[in-house]
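Asker: Sequence:
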Amino acid sequence: RGPAQGTDGDWDWPSFLSKAAGMVGYAFEKQDAKERWGGENVFAAMTGGRSLRFTGEIIYGSSVQDPDESLEKLILPSVEEAFPGDGISDTPAGRKACEDVGGWEAWRNFYGALVVNPGPNVRGGL
Numbered sequence: 609r610g611p612a613q614g615t616d617g618d619w620d621w622p623s624f625l626s627k628a629a630g631m632v633g634y635a636f637e638k639q640d641a642k643e644r645w646g647g648e649n650v651f652a653a654m655t656g657g658r659s660l661r662f663t664g665e666i667i668y669g670s671s672v673q674d675p676d677e678s679l680e681k682l683i684l685p686s687v688e689e690a691f692p693g694d695g696i697s698d699t700p701a702g703r704k705a706c707e708d709v710g711g712w713e714a715w716r717n718f719y720g721a722l723v724v725n726p727g728p729n730v731r732g733g734l
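So for the sequence shown, this note's numbering puts the first residue at 609; every next one is plus one.
If a hint is listed, it holds; no wrong ones were tucked in.
Pairwise CB distance ranges (calculated): (1) D674 / G711: 31 to 37 Å; (2) Y719 / F662: 30 to 36 Å; (3) A641 / K704: 31 to 37 Å; (4) E713 / G630: 15 to 21 Å; (5) N725 / S678: 32 to 38 Å; (6) K638 / I667: 15 to 21 Å; (7) R661 / P700: 38 to 44 Å; (8) V687 / P728: 19 to 25 Å; (9) K681 / S623: 27 to 33 Å; (10) L660 / K704: 29 to 35 Å; (11) P700 / D674: 36 to 42 Å; (12) I683 / E643: 26 to 32 Å; (13) Q639 / S670: 21 to 27 Å; (14) W619 / V687: 17 to 23 Å.
These are calculated hints, taken from the structure and not from any lab test.
Built from N, CA and C at the ideal position, the CB exists for glycine as well.
My request is simple: use the sequences and hints to build the entire structure.
Answerer: Okay, structure coming up:
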């Protein structure tokens, strides 16, 4: 069970967003990944494991080497509805955009935490 996985095994968006709020404003370099999970091993699949990059590609359905922009085109309108540029939208459409990914309250808390501590890599403020 991971930190963003509920006791029933389902994804726990509020826990994930709470943890992410303290990390998202900071760069995550390749060296950080190596320190946390070990080096990339392209032969890991042959020994029963798999690399972090491969795992990410399975989760997101596209490669970081050849990104699929269709996912962005699918998701971006909902993100722009929920976050119109001046905060999180407390409108029926904004709340609906958050419905399947933890709910509006979890995203409001996430955004509020970023306003308080945006980190050095959030450009232009919030």
